[in-house]
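Peer 1: Sequence:
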Amino acid sequence: MVERVNRTIKEGIAKQMAQHQNKWTEALPTVLTILRVTPSKSTGISPYELMTGRLMKLPIDPEISPADLGPLVVAKQQVVLEQLQERLKVLHAQAALKQQQADLRNDAQFNPNSETQFAEGDMIMVRVFVKQDAFAPRWHGPYEACRSNSMDARCQEGIRGLMHEAGTADFIKSQPEVREMGVAIF
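First residue of the sequence shown: 11, per our numbering; consecutive thereafter.
Hints in this document: simulated from the structure, not taken from any laboratory. Be aware that one or more of the hints could be misleading.
[To be verified] Under the rule of at most 30 Å between Cα atoms (straight-line distance), these lysine-lysine pairs were calculated in the BS3-like manner:
#1 K108 x K25
#2 K67 x K20
#3 K141 x K99
#4 K67 x K25
#5 K141 x K51
#6 K33 x K20
#7 K141 x K67
#8 K108 x K20
#9 K33 x K67
#10 K51 x K108
#11 K25 x K51
#12 K51 x K67
#13 K25 x K99
#14 K33 x K51
#15 K33 x K99
#16 K25 x K141
#17 K108 x K67
#18 K108 x K141
Keep in mind it's a predicted model, so treat the numbers as computed, not measured.
Using the sequences and the hints given, assemble the complete structure.
Peer 2: Have a look at this one:
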C-alpha cells in the first residue's frame, strides 16, 4: 500500500513540475493536499474525511466566521464530539462496504482466466517498464493493435514483437479527457 501511495506522489510531483516548472520541494505540499482531499476509488471517501469526519478546509475556501456556524458554536463540546464520533462510525461503515465492492471488482478484473480485452484495431497504450528518468511517462502510444489473442497484442508503428496484455492498456480508459468527450478511437 505504501509503495502505491509513493508512486502516486511521485507521479503527482512529475505532473506539477511539468506544468509549473517548479522544484519538487515546491510541488510536494500541493500533491499531498490533493492526495488527502481526493476521495478514494475503493472507499468513496477522502483520507482526510475518513480520519477527521470532516471535509478538509482548502486555502481557496472562504473564511467562516463563528456567526456562520450557528448551533455548532452554541452546542456543548460533548455534543459536538458525539456527533463527530457518530459521523466517523457511519463513514467507516460506508468505506468498509465500498472496499468490499472494490475487492470484488478487482478480483473480476485481474482474473487470470479471463479473455483478452483487446480486439484487432483497438487503440492501446504500451507500458514502459524501464524508465530513463524517475519522472518520465509510464506509457507510450497510442498504437493500433494489429493482432490479438488471449496472450498477446502486436502493435504497429515502430513497436516490434509481441507484448503481453499486462503491459498494455486501453487508450480510451487511460485518457479520461478523451472518454469524457465521447470520442471512440477504433
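Peer 1: Give a verdict on every hint.
Peer 2: To see whether the hints hold, each was checked on the structure:
1. K108 x K25: holds (29 Å)
2. K67 x K20: holds (24 Å)
3. K141 x K99: Given that 30 Å is the threshold and the Cα spacing comes to 43 Å, the pair is violated.
4. K67 x K25: holds (24 Å)
5. K141 x K51: holds (27 Å)
6. K33 x K20: holds (13 Å)
7. K141 x K67: violated (37 Å)
8. K108 x K20: holds (26 Å)
9. K33 x K67: This hinted pair holds, its Cα atoms lying about 25 Å apart.
10. K51 x K108: It holds: about 9 Å lies between the C-alpha atoms, which stays within 30 Å.
11. K25 x K51: Judged against 30 Å, a Cα distance of about 20 Å means the pair holds.
12. K51 x K67: At roughly 21 Å apart (the allowed maximum being 30 Å), K67 and K51 satisfy the hint.
13. K25 x K99: Given that 30 Å is the threshold and the Cα spacing comes to 35 Å, the pair is violated.
14. K33 x K51: Within the cut-off at roughly 29 Å; holds.
15. K33 x K99: With Cα atoms ~40 Å apart, K33 and K99 exceed 30 Å; violated.
16. K25 x K141: At roughly 16 Å apart (the allowed maximum being 30 Å), K141 and K25 satisfy the hint.
17. K108 x K67: holds (25 Å)
18. K108 x K141: Distance of about 34 Å is beyond 30 Å: violated.
Consistency with the previously given hints fails for numbers 3, 7, 13, 15 and 18, ordered from lowest to highest.
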